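Spelled out from the first residue to the last, the chains are:
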Amino acid sequence: MESLAADIIDILGTISFAISGVITATKKRMDIFGILIIATVTSVGGGTLRDLLIGKSPVTWILNTSFVYLIFIATVVAIIFRKQLRYVRKSLFLFDTIGIALYTITGVQMGLLIGLAPVICIALGTITACFGGVLRDILCTEIPVIFRKEIYASACIVGGGMFVLLDHFGVNTVINSVISGSLVIVVRTLAVIFKLQLPSIYKKEELV
Amino acid sequence: MESLAADIIDILGTISFAISGVITATKKRMDIFGILIIATVTSVGGGTLRDLLIGKSPVTWILNTSFVYLIFIATVVAIIFRKQLRYVRKSLFLFDTIGIALYTITGVQMGLLIGLAPVICIALGTITACFGGVLRDILCTEIPVIFRKEIYASACIVGGGMFVLLDHFGVNTVINSVISGSLVIVVRTLAVIFKLQLPSIYKKEELV
Amino acid sequence: MESLAADIIDILGTISFAISGVITATKKRMDIFGILIIATVTSVGGGTLRDLLIGKSPVTWILNTSFVYLIFIATVVAIIFRKQLRYVRKSLFLFDTIGIALYTITGVQMGLLIGLAPVICIALGTITACFGGVLRDILCTEIPVIFRKEIYASACIVGGGMFVLLDHFGVNTVINSVISGSLVIVVRTLAVIFKLQLPSIYKKEELV
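Protein chains in written order, with the numbering used here: chain P, 744 to 951; chain D, 744 to 951; chain W, 744 to 951.
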């Protein structure tokens, strides 16, 4: 039951990341192949970088074709209905936020399992959640959006930190995942509702 | 004899990729060191990414200095004769096309050897053939050309798919390589001659 | 004693790379999180790529949290005093130059230890020293500065070559490190003082 819930969220997260890839790639007028690559990189890029850094090989998606097919289908559907994507923006935001929450927890857990230091585990969680988007932006020659204006990675860092803390105090992994994952979602959602940003280090005249 | 032919094609492919790196890097007015790096990345980048993804370490070129020297010589010669490169454009196209055909087959074969799923093998072949060029364009801060307008990766996917199919039916590897490699070359050549592109998903007014 | 000196230089190099990341990232008006990522990538990027290429896993920084904390502190201090950074430009240049000298020697040594060919060892040293900066520039969507105008990588290649040569003749590693590292520093410093560049392959009218 828990496993089914996790699978569904995993699927929703993957779909959401793929769609965000489609949106960025179509803005750059890429062809179908390019869009497919960007969607795939957005979905699996963060986990791939994490796997490379910790030496897990082959990387996860190489061994799991279901996600490759899922990304393919999500991309094709998103291309067909791309004009309508604006009407489901709120659902997309929800999926995306659930997606980064899940990816964060997965990354932190993998670090803890192989006994890495807390700060490194939090970094791995954040990398898993955020670097698919970073690679997406780099392949589209844009400065990664999460480096500039969103409380996005910060939500992952907060949630990842909570997971490490609760794990340290022996909290059950499932309960911990729910609490820490929810924290990511809450922080990110509040930030978007109240238009919160990280405190700016620039003076007004520097930003013109 | 077959091995000699494969070696010659491998060498021609490497030279061709290195030259395409020189052409892109000189357009960006890079210095000699920069040009050399771009030429190297174009030549070995796809295979390196494939090796990292499947966990082959160290990566291939680290253990094979002949290709490093070959790239170095090709780069120096291409820099010296760069004004004349336009007169050999057709030969370059031929080498490049043979190169991606060979790289595709190599990548697919490595995937099959370690028992990966067909769709992943095709992806590895395409990555081997195409991601050197993607990295070249990213290092030059250009949106990768194969994401935008060429039947390039598509030829690799078709040829890679054919290899997996024939392999499934037990066709001899050498014969299979010749057939599938030729298919890559034919698809790519026809696409360029008849100016074929992937079907556009954009309306005319979106492309202005 | 020697180890202490090496540690101090290592720390100064890391700080210097982190600061160069802060300078580039603030020019792009990144937020605090983005600046921190760029500083980290600049510091650990070259070593990470080297580790991936030779198959050392997990990569070095994953197992050594002191550098993560050091980068964090250096970044925060550099952000606070970023207006004053211009007054310490000469010290920064010194740290940076010592940093690339040290990183070069580390990379070459790791290659020699696992028995790689001389030319590959020199390449690994240069990658260790220079690719943090390349990744920094790519993440900021700039063409990497070392591909365009500085005797930077060339100094690493010369020093790395010297290390391989002296090692071949059985020179003690500590003495070799001092000689070859100093050579990197001297070449780089002379190049900046006398404004040396690699010989240009472009005619004047091409550079307008």
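Simulated from the structure, these hints should not be mistaken for lab results.
Since the model is a prediction, treat every value here as computed from it, not as a measurement.
There could be a bad hint or two in this list.
Pairs count within a copy or across copies, as identical chains cannot be separated in the list.
Using 27 Å as the maximum straight-line C-alpha spacing, the simulated BS3-like pairs for lysine-lysine come out as follows [to be verified]:
| no. | residue 1 | residue 2 |
| --- | --- | --- |
| 1 | 799 | 946 |
| 2 | 938 | 770 |
| 3 | 799 | 770 |
| 4 | 799 | 833 |
| 5 | 938 | 799 |
| 6 | 771 | 799 |
| 7 | 826 | 771 |
| 8 | 946 | 771 |
| 9 | 826 | 770 |
| 10 | 946 | 770 |
With identical chains treated as interchangeable, where does the CA-CA distance between residue 938 and residue 799 reach 27 Å or less: within a copy, between copies, both, or neither?
neither (38 Å within a copy, 43 Å between copies)
Cα distance capped at 27 Å. Does residue 826 pair with residue 770 within a copy, between copies, both, or neither?
The answer is within: 12 Å in one copy meets 27 Å, while 36 Å across copies does not.
Copy assignment of residue 771 with residue 799, given that the CA separation must stay at most 27 Å:
Cα proximity of residue 771 and residue 799: none, with 33 Å in one copy and 34 Å across.
Given identical chains, is residue 946 near residue 771, meaning Cα to Cα at most 27 Å, within a copy, between copies, both, or neither?
between (32 Å within a copy, 14 Å between copies)
Checking an output row: residue 826 and residue 771, CA cutoff 27 Å. Within, between, both or neither?
For residue 826 and residue 771, only the intra-copy Cα distance (15 Å) is at most 27 Å; the inter-copy one is 32 Å.
27 Å Cα cut-off: does residue 946 pair with residue 770 within a copy, between copies, both or neither?
Answer is between: at 13 Å across copies they meet the 27 Å cutoff, but 31 Å inside does not.
Can you tell me if residue 799 and residue 946 fall within 27 Å by alpha carbon in one copy, between copies, both or neither?
This pair counts as neither: shortest intra-copy Cα distance 44 Å, inter-copy 44 Å.
Identical-chain pair category, residue 938 with residue 770, by Cα at 27 Å:
Answer is both: 24 Å inside a copy and 24 Å across each meet the 27 Å cutoff.
Up to 27 Å CA-CA - residue 833 versus residue 799, copy category
neither (35 Å within a copy, 42 Å between copies)
From the Cα coordinates, with 27 Å as the cut-off, is the pair residue 799 and residue 770 best called within, between, both, or neither?
neither (34 Å within a copy, 36 Å between copies)
Comparing the model with each numbered hint stated earlier shows that hints 1, 3, 4, 5, 6 do not hold.
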